[in-house]
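Dock chain B against the given chain A, drawing on the hints supplied.
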Amino acid sequence: MILLACKKEDTLFVYLEPEKSGIEFANILDTDDTVNILDYLYYYNGGGVSIGDVNNDGLPDIYLSGNRVPNKLYLNKGGLRFEDITETAGVSGTGNWNTGTVMADVNGDGYLDIFVSAVSGIHDFQGHHELFINQGDLTFKEMSEAYNLNLESYGTHAAFFDYDLDGDLDLYLLNHAVHTQESYGDVSLRDQRNPKTGDRLMRNDGDHFTDVSEAAGIYGGINGFGLGIAVSDFDKNGYPDLYIGNDFHEDDYFYLNQGDGTFKESVKAHFKHISRFSMGNDVADINHDGWPDLLSLDMLPEKEIPLKASEGDDNVQMMKLRTQKLGYHYQFTRNMLQLNRGGEFFTEAALHSGIAATDWSWSALFSDFNQDGNQDLFIANGIPKRPNDLDYIRFISSGEIKASLNPAKGIDKEALDRMPSGTVPNYIFEGSDSLFFSDRSNTWLPKETTNATAAAYGDLDLDGDLDLVINNVNAPATVLINQTDQKATRFLKLKLKANGKNSFGTGTKVTAYSNGKIYFRELYPVRGFQSSSEPFVHIGFPGNVAEIDSVLITWPDRSETLLRDVPTNTTLKTVQQDTYERGVETPLRNSLLFEKSKNNLGIDYVHTEDNYVDFNNHKLIPYQVSDRGPAFASGDLNGDGKTDLFFGSSRYFPSKIYLQNEDGFTEQNFDAVAGDSISEDTGALILDFDNNGLNDLITTTGGAHFFGKAAPLLDHYYAGEAGMLVKKQLPESYQNNNVIAAADYDGDGDLDLFLGSHTNSDDFGVLPESVFLLNEKGVFREDGKQQPGSVGMVTDAVWQDINEDGWPDLLVVGEWMSPVLFMNEKGSLKRASSVIPDKLNGLWQAVQPFDIDDDGDLDFILGNWGSNTKFRATEQAPLRMYHHDFDKNGKRETIVTQEHNGEYYTFDGLDHLASQMPTLMRKKFTRYRDFAGKPIHEVIDQSLLDQAQKLEVHELRSGILLNEEGIFKFIPFGEDLQLAPITAFTLQDFNKDGQPEVLAGGNYFGVRPYHGRFDGFPGALITDIDNVHLTHEYGLNLSGKAIRALDVIEFAGDSYLVVTINNSEAEIYRINNPKINE
Amino acid sequence: MNKPIVILVTVFLILQSCSRNEAPIAIRADHFHQSVDETVEVMIHDIFSPPVASRIFAYPNIAAYEIIALDDANYNSLAGQVNGLTPIPEPEEEGVNMDLAAMIAHMQLSKSLIFSEEKLATYQDSVLNQWQKENSSEFNKTKEYAEKVVAHIRDWMDKDNYKQTRTMPKFTVRSEEPGRWQPTPPAYMDGIEPHWNKIRPFTLDSASQFKPAPPAPFSMEEGSEFHKELMEVYEVGNKITSDESEEVAIAQFWDCNPYVSVTRGHLMFATKKITPGAHWIGICKIACKQTDSDFRKTVMAYTKTSIAIADGFISCWDEKYRSNLIRPETLINKYIDDNWKPILQTPPFPEYTSGHSVVSGAASEALTSVFGEDFAFDDDTELPYGLPVRSFKSFRNAAEEAAISRMYGGIHYRMAIEVGLDQGRNLGDYVVENLDMQSEETIAEKE
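Chains as they are written, first to last, in the working numbering: chain A, 196 to 1273; chain B, 1406 to 1852.
So here's chain A without its partners, still in its complex pose (with noise of 0.2 Å):
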């Protein structure tokens, strides 16, 4: 271990040496145990801290567990110095495999207990949980037995929180589970109740806790390996939940309490993708808007070196088994910033935010360290042996371990030494008014090299900051004094006490506002991992708030208490009076825009998504090109002046057809169409082209499966005539088209098409063909005076007249491509050059015209790929693909490399890379470590990389591209809308005040497990580029759901929003006709 000593003005945490504090606790795991990781795999998972004013004098003391040490008390004698008591005080432990502990007043007698969770009956573990009951005289009784805590399970951590408000604190006991993890077993093992490793939920019932977990509806089964929990009123219906972090394949469980002495698991339902190994995690409001936020901690590594040297995500097809056959929910391996969506669901942040990678992390703690308003969070880190290096996994292991693979003998130590070091620095970031973090590692934290694992919080010097108290591997606790500038910053401080037995306020919410910013805090003391932070509640606030406006503290019997006109930098003792009552808190709604109609409207179309994987074929494309679809188009079909639906399918399926009657929608069977049913379809228009007064349909066709000349990838032109469609030709294209755009661009009277291609099915990486058709009389044929080209990956095009000269112009997006106008000079279609920015090449996915500003000429709205993601593009460091045959084998692949501290590094990790290239990779790169690290041109010759073409893309977010006299300037949106793709718009005066509105819908799955899913967009209203809103509060919440097409229609006197969804049934909204809350 090596600790530099700082001055002070280095860091914003300084670091107490152990000689000057007292504190001289080092949780040292010796190397010749009887136990270690291979016998156990949470051997190097560490103590616990917890910190509490255990004598009432003020000033915190701290706890430390140790898993073979024993366990230590230090009482705060002020002035930074501590005192070891352990021995008078009693509190030692008995048990040889400590882990978790809490600070909380068990029997409500005003004085913190010490609770310390115990491994016991594997290996040589032996023990119980023990409870110190404080004597109020700096003496404890361990007194287990008598509240019926002492029992022996394979304990984490515990939490102690009031879960029947009947004013006493209960116990949640979180255990580990030792079940196989060799394989998966279907989601029912949580059903196995398992005494030893399954969670418990003990009842305060006075005198003694009860068990009662199976009636309040907790798991106990065995494959639970809980890491983590966090207490908090999610859903603030006034009853604490709680979150549970599972390592391995068990989901997280989201306990929401009922109110009823039960709580009902809904992971599912409010979280759209969880962590996979889920270790600590932590709480907090960290965007203001008063509903508590949720970090999961996991292992995924920021560093390019243990990046590609490290075990990754699973592969498709194991991700579809696990979620489809075995019942497991979408688990991915990194931190996930699971945002509260008011309580309704929660969307996850954490790529956007800069949090989602931080390595082997056990604990997260949300705290305005900096005092400057916004909470910033500290991560702790590191594990001694990293036994998820893939060269130890391949390669070395193998050698060690080949004669003397016997579990009874054991295995040879020297297999353990040459298990590569985990051993990574702590995080810390600091937050901001937006939902970026900043890492702050460097300059806030003195360098250091412990594995730490669990961490809590407290004001030590009654600074009013915040200090930190961590739990090391191998070395001694770190304690890091805070040097915040009391006089710059602000904070206020509030010891609680409610009423009852519940003297320290556990699950009080204390609600600051001040210049019209929320601040929400609750007080649960748990937190991180496996520790209890000091049970006050802190909060920091910018440094001109001398005072804040109010501060409504909500008691745990929701009675309330306002403190108005607060001075800032001071600590309150409040205690539970001057109370008023207030029901249960029902979130503000807005009237509900939209209503989910009851019957459809008698759509039943369901799109079913066929079995292809296209990583399955090309193994290296960044996204799949096969699951764009359905089309989907509306327009009167038979003539009858309403209007009918068309929704396409995907191959094998056939597309159906829906006409409007007075009762609502009816499916009619078009044979020509449905002759059709092998194409799958990706773009379909309904207009009148051969101008008989009757409307047809063109669908294009795609999908990745054909390629080729093969006749499913024909265009069709079905021509409405008196009750039918009847087929007609379309000039012969094989392109893979999904764009369809209309207008009479040559100024004959009739509609020419301009057919947009995406992709060449078995060549992805290429820039395909899109073309210009010419309307002869209802026939169309190949514009032989011009032509697009090869004008990008098209995703989406409209025909508007820009510069207003009578004649249509065209602008055409699509991926790794900028957005392309064709200025229209009397039928000639003319490429414009300097009106859209030169590197605004994007992974675009829709675009609409849209006057935003309200200056009377035309933006445009582009959906784009969101920030949300892996992938980072700038205009500086552009995201970056190469298309070539590199191992010369006949067939072209992509690489997609991107920008990492000014080096490019391929985005795939070596065993990725090579199964499709192995040869080319394996004999190169015969370890991991010879790959990982290295730039592009290391691992791809550079005269290959010269040879090949290169696409990038300059810009992830969605925005605006804002017209200006003719010139386009772009305008990302906030945050909100970058948290997901944007894929569908649609236009209409949604909320009848004579203005019309956009509506983006989003989302889209198909990247491989290592990219997660893009799921967190639940759709949104743009009025004006400062005026956009989340459609949840209207009642449209279309998080989760891969949206396609967006379409409002007219039936029966209302308007109804048509929702079409990949791999999913079309939705219908009834639109209602309140305005929107400005």
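Be a bit skeptical, because a hint or two may be false.
Across the chosen pairs, the derived CB separations fall in these ranges [unchecked claim]: (1) Arg1727/B with Asp939/A: 50 to 60 Å; (2) Pro265/A with Ser1647/B: 38 to 48 Å; (3) Asp1125/A with Glu1627/B: 47 to 57 Å; (4) His1095/A with Ser1541/B: 42 to 52 Å; (5) Asn1802/B with Ile223/A: 56 to 66 Å; (6) Asp1125/A with Gln1535/B: 25 to 35 Å; (7) Gly1777/B with Thr226/A: 53 to 63 Å; (8) Arg1433/B with Asp1125/A: 31 to 41 Å; (9) Gln1071/A with Tyr1740/B: 50 to 60 Å; (10) Asn1802/B with His1132/A: 49 to 59 Å; (11) Ser1647/B with Lys642/A: 55 to 65 Å; (12) Gly1777/B with Asp234/A: 47 to 57 Å; (13) Asn806/A with Arg1727/B: 16 to 26 Å.
Straight line, CA to CA, 30 Å or less: simulated DSS-like cross-link-like pairs of lysine-lysine [as the list claims (entries may be wrong)]: (14) Lys682/A with Lys768/A; (15) Lys520/A with Lys1746/B; (16) Lys1516/B with Lys1119/A; (17) Lys1546/B with Lys1118/A; (18) Lys1083/A with Lys1516/B.
These are computed hints drawn from the structure, not numbers from a lab. Beta carbons: idealized from backbone N, C-alpha and C, even for Gly.
Leaving out everything else, chain B in the frame of chain A:
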């Protein structure tokens, strides 16, 4: 001024005379054994799947064999006998040591086929340096020639579709079809080499030439043929209670799984062994040594055995991804006992037919044709992997044990073993009958 010239001339003469006096480099059978053994070591490290490993054995052996056949009337070239092979070039100058050329060709091709070249280079460089020191002129000429042969064989090898199969689609898992293969614990790896039947075979007219009868139709109905087969695997596994039992010993001896993944918590590691093909290559070595076979016969024996093995894998993999049959472990875990684990780790490809059975059948026939029917031997191939020696009465006896070991191991149904062994034997007989490697005289001499 004349003096230096005289000296130069003298030096030249000395050099000339030196090389003239050098003896030819002597190549022994052990050289070849060692080259094969060293290659096997690196193959284990690099983790090649069994089919790919079989290809790595075959081509270097054939290169060595073709050089010998060119030089020795006792052996016939395989050109025209195996698919696509044309005669190798003849040496253009005098003084090429054909045995040495065979060695160099074997070493160079082996090195190009494995990944970790530096591991093989340490051994190869030291041997090559030694030879060069012994007789540099002969060595250099021979090396030049060997490289021409290597280029010739490589051209032929490159047309076997191996490269193209690298870009072909992965096996698509469709778990809604109950009898279809699914990835198995603990690594749940993708199905390995789903397009191996598109690799050009050596002797077969097509991958499906020895297409076996289809497996019993999938059914979980009690009393159905398939269900009985499944229950037999489960019950055989249950009956074996002791780790010391003969069945466990047999199963482990023939495990031959190049990559057994072990998971404990976040910790994973692999135990690696030779492949089934490499085990039979090891038996070939034992037989060569036991009969004190000379270098050339040794090369011939390896070549024949490795061709039978390679074609065995092509034939077997053709059936595996035709029937796509689910492994017993998946079904037993799902329907019978979710804690059941086979004694061996289930390898990552469909069940039917058993690869080890096919390959053992094929290799045993090839070896029998070279060394005779009742060739008893002690098999110590697995000693380096901590397994004991086992004794066999004959190659066929060993093949039978290898086949049934897969049921003891809990990874195959009986039908895959019995049908697989037949499939392999028929294929082996075909290889023996169709490859005319020894001239009439040699065979007569032997008899």
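Outcome of the hint check:
1. Arg1727/B with Asp939/A: 50 to 60 Å: 56 Å, holds
2. Pro265/A with Ser1647/B: 38 to 48 Å: 44 Å, holds
3. Asp1125/A with Glu1627/B: 47 to 57 Å: 54 Å, holds
4. His1095/A with Ser1541/B: 42 to 52 Å: Since His1095/A and Ser1541/B have Cβ atoms about 51 Å apart, the given range 42 to 52 Å holds.
5. Asn1802/B with Ile223/A: 56 to 66 Å: For Asn1802/B and Ile223/A the Cβ distance comes to about 58 Å; the hint holds.
6. Asp1125/A with Gln1535/B: 25 to 35 Å: Holds, at about 30 Å.
7. Gly1777/B with Thr226/A: 53 to 63 Å: 57 Å, holds
8. Arg1433/B with Asp1125/A: 31 to 41 Å: 36 Å, holds
9. Gln1071/A with Tyr1740/B: 50 to 60 Å: 58 Å, holds
10. Asn1802/B with His1132/A: 49 to 59 Å: 57 Å, holds
11. Ser1647/B with Lys642/A: 55 to 65 Å: Roughly 56 Å apart at Cβ, these two residues keep to the hinted range, so it holds.
12. Gly1777/B with Asp234/A: 47 to 57 Å: Holds - the Cβ-Cβ distance for Gly1777/B and Asp234/A, about 51 Å, lies within 47 to 57 Å.
13. Asn806/A with Arg1727/B: 16 to 26 Å: 19 Å, holds
14. Lys682/A with Lys768/A: 22 Å, holds
15. Lys520/A with Lys1746/B: 20 Å, holds
16. Lys1516/B with Lys1119/A: 13 Å, holds
17. Lys1546/B with Lys1118/A: Roughly 29 Å between the alpha carbons, so the hint for Lys1546/B and Lys1118/A holds.
18. Lys1083/A with Lys1516/B: Holds, at about 20 Å.
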